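Novice: Below, each chain spelled out in residue letters.
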Amino acid sequence: MKFLINHIKRYRFLLGELVKKGIRLKYRRSYLGVIWSLIEPLLTTVVLVIVFGTLFNNKKPTFPLYIISGRLIYTFFSQSTKAASKSIRKNASMIKKVYVPKYLYPLSQVLFNYVIFMISLIVLVLVAVYCKTPPTFLIWQMIPALVFLLVISVGAGMVLSTMDVFFRDTEYLWNVMLMIIMYLCAIFYYPERLLKSGFAWILKYNPLYCIIDIFRGSVLGYMATAWDYAYAAAFSIFAIVFGIFIFDKKQDEFILHI
Amino acid sequence: MAAQKNAGDKDTEEKKKEKVLRRPPEEEIIIRGGKGASIRRKEIGPESEVPSGTGKVAGGNAPANGEALAVHKEVAVKVDHLSMKFNLSQEKLDSLKEWFIKFLKRDIKYDEFWALKDINFTLYKGERLGILGLNGAGKSTLLKAIAGVYKPTEGSVYRKGVLAPLLELGAGFDMQYTARENIYLYGAVLGYSKEFIDSKFDEIIKFSELQKFIDVPLKNYSSGMKTRLGFAICTAVDPDILILDEVLSVGDAKFRKKSEKKITSMFSSDVTVLFVSHSLAQVRRICDKAMILDHGKLLAYGDVEEIADRYEEMTEK
Numbered sequence: 001m002k003f004l005i006n007h008i009k010r011y012r013f014l015l016g017e018l019v020k021k022g023i024r025l026k027y028r029r030s031y032l033g034v035i036w037s038l039i040e041p042l043l044t045t046v047v048l049v050i051v052f053g054t055l056f057n058n059k060k061p062t063f064p065l066y067i068i069s070g071r072l073i074y075t076f077f078s079q080s081t082k083a084a085s086k087s088i089r090k091n092a093s094m095i096k097k098v099y100v101p102k103y104l105y106p107l108s109q110v111l112f113n114y115v116i117f118m119i120s121l122i123v124l125v126l127v128a129v130y131c132k133t134p135p136t137f138l139i140w141q142m143i144p145a146l147v148f149l150l151v152i153s154v155g156a157g158m159v160l161s162t163m164d165v166f167f168r169d170t171e172y173l174w175n176v177m178l179m180i181i182m183y184l185c186a187i188f189y190y191p192e193r194l195l196k197s198g199f200a201w202i203l204k205y206n207p208l209y210c211i212i213d214i215f216r217g218s219v220l221g222y223m224a225t226a227w228d229y230a231y232a233a234a235f236s237i238f239a240i241v242f243g244i245f246i247f248d249k250k251q252d253e254f255i256l257h258i
Numbered sequence: 001m002a003a004q005k006n007a008g009d010k011d012t013e014e015k016k017k018e019k020v021l022r023r024p025p026e027e028e029i030i031i032r033g034g035k036g037a038s039i040r041r042k043e044i045g046p047e048s049e050v051p052s053g054t055g056k057v058a059g060g061n062a063p064a065n066g067e068a069l070a071v072h073k074e075v076a077v078k079v080d081h082l083s084m085k086f087n088l089s090q091e092k093l094d095s096l097k098e099w100f101i102k103f104l105k106r107d108i109k110y111d112e113f114w115a116l117k118d119i120n121f122t123l124y125k126g127e128r129l130g131i132l133g134l135n136g137a138g139k140s141t142l143l144k145a146i147a148g149v150y151k152p153t154e155g156s157v158y159r160k161g162v163l164a165p166l167l168e169l170g171a172g173f174d175m176q177y178t179a180r181e182n183i184y185l186y187g188a189v190l191g192y193s194k195e196f197i198d199s200k201f202d203e204i205i206k207f208s209e210l211q212k213f214i215d216v217p218l219k220n221y222s223s224g225m226k227t228r229l230g231f232a233i234c235t236a237v238d239p240d241i242l243i244l245d246e247v248l249s250v251g252d253a254k255f256r257k258k259s260e261k262k263i264t265s266m267f268s269s270d271v272t273v274l275f276v277s278h279s280l281a282q283v284r285r286i287c288d289k290a291m292i293l294d295h296g297k298l299l300a301y302g303d304v305e306e307i308a309d310r311y312e313e314m315t316e317k
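Quick note, the sequences are listed as chains A and B, same order. Note that my numbering gives residue 102 to position 102 of the first sequence, counting from 1, and the numbers run on in steps of one. Note that my numbering gives residue 284 to position 284 of the second sequence, counting from 1, and the numbers run on in steps of one.
Treat the hints as calculated values from the structure; they're not laboratory data. Where hints are given, some of them may not hold.
[Stated by the list, open to error] Residues from chain A shown here face chain B by an in silico Cβ test under 7 Å; the list is partial:
id : residue
1  : F13
2  : F52
3  : L55
4  : S93
5  : M94
6  : I258
[As the list claims (entries may be wrong)] Reference listing, derived: stretches of chain A covered by chain B, where coverage requires no fewer than 3 residues with Cβ under 8 Å from a Cβ of chain B:
id : region
7  : 30-39
8  : 97-111
Keep in mind the model is a prediction, meaning the values are calculated, not measured. Quick reminder that beta carbons are idealized off the backbone N, C-alpha and C, glycines included.
The task is simple: from the sequences and hints, build the whole structure.
Specialist: Given below as structure tokens:
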């Protein structure tokens, strides 16, 4: 325990610096800077609402809110895991010179994206006002959803960064996977028909969909199912344990491959 | 896991308090390889952790001059049966598909390569070791193993005190970051605290002579400027152990002189030095001990003059 506290004390500053670096560099030399993290989801949501609202003839007033809540979660997951998967290779020159716990690199990548994600949550307020959907007390569900999301992203980031050291293909493979995940997360369509069909398992066993559903519940004011909670929690724990296990097992070999 | 902490004697306690703000935590580190590999890290308390048998390592070479004094000195670095093995894959298996096919066919071949084989030596506080050897003898690997970058395949490395690794200066910076930001980032990687970097910031800039370019992204720097910055950051710390890998042969003549002066100025403060250089003259000037590495094996260890002469003979053949 004492070891752990010392460890945190020792590396807190470094982790902070790495997170800061990610945030600073992301919007460096752009005029609007961090405001982009608000504009970007808004613009894509407008497009999605127009396209899919017309295509599926969707007239529900809460449809924009539905889309943006799903999209925000998905975007964070994809950005953070992508960044984490490259983190070890990108910091190769540091790793070759100085010993620091290597998990700090993928972790910092996920965390800096998390900070930006938190900022981008502001757009939810705007869209909620636009959709005339006042928050209910069910908004507390946002907290577990955000916790699950962070844990699952860190876990996935650890696994991906480990794999990427040994196989560059990981990045490209993960890009393809992320696209598939996007279509399987019911971001821009309503899941009811899919849930009634024989393909319900696609959503039920998709941890990211479960998290999105909980998150939407908090915004739109409905209670997510117990299954969503149980599965998202179980999968998050699995992801982080598996991620730490794999990373820890392989981290001493990183130096030989980067 | 937690290291035992006895009540430390007053001297070290006081020393520690004095330095707390000014330097990264002083610590003992033992890196073990092989089975049960581990890194033990402990902030310094009493000196109970020094592994046994520290007096007589180095094959009896060290006290040859009758310097019994050395035995009573504190151990700064102890390398114990250190071996490093690398797998050189015959083909580069960078893609998953290739690897998978080969894996199924059980066709992954490696050439074993021992970059270091059974290295033993002990450095006491204040000793300055020159590491000699041809290219590929394992000099840099040894330094990196001591710095903790490589984990030993077998054996262990023990070191005590604040370490300043001057390896591949100029690498490891973020190119989009400015010098100012890089100083903080790099300092954090080296284990400096924010207060420490704040207090040393001006000194670093002044030494590296980059006053005009503090807020310029590093991608616009020349390689000499990056090296200077790297040197200034690494040496800001008043280290207990200084690892120098060819660093005194970079930069222009003026900076070379300046950096050598800075390094020599540290010698008075009981710093332990591990120095790799191809310049024998420099090794003679700086070091008091030396070793010869050849194909990963420790050929000779002893006083610098004796070893340097021997190395000269070897290379002239």
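Novice: Just to make sure I understand the rule, a stretch counts as covered if three or more of its residues have a C-beta closer than 8 Å to a C-beta of the chain. Does the region 97-111 of chain A meet that for chain B?
Specialist: This one holds; 4 residues, not fewer than the three required, reach chain B with a Cβ under 8 Å.
Novice: Going by Cβ atoms only, is M94 of chain A closer than 7 Å to chain B?
Specialist: Holds. Min distance 5 Å.
Novice: Does I258 of chain A meet its interface restraint, that is, does its C-beta lie within less than 7 Å of any C-beta in chain B?
Specialist: 11 Å, violated
Novice: For the hint on F13 of chain A, just tell me whether its beta-carbon gets within less than 7 Å of chain B.
Specialist: At about 5 Å, which falls below the 7 Å cut-off, the nearest Cβ of chain B leaves the hint on F13 of chain A intact, so it holds.
Novice: Does the CB of S93 of chain A sit less than 7 Å away from some CB of chain B?
Specialist: This interface hint holds because 4 Å falls under the 7 Å limit.
Novice: Identify whether the interface hint at F52 of chain A stands, where standing means a beta carbon of chain B within less than 7 Å of its own.
Specialist: Hint violated; F52 of chain A Cβ to chain B Cβ min 35 Å, cut 7 Å.
Novice: Counting residues of the region 30-39 of chain A whose CB is closer than 8 Å to a CB in chain B, do you get three or more?
Specialist: Check failed, 0 qualifying residues.
Novice: Holds or violated: is the Cβ of L55 of chain A closer than 7 Å to a Cβ in chain B?
Specialist: Violated. Min distance 37 Å.
The earlier numbered hints that this structure contradicts are 2, 3, 6 and 7.
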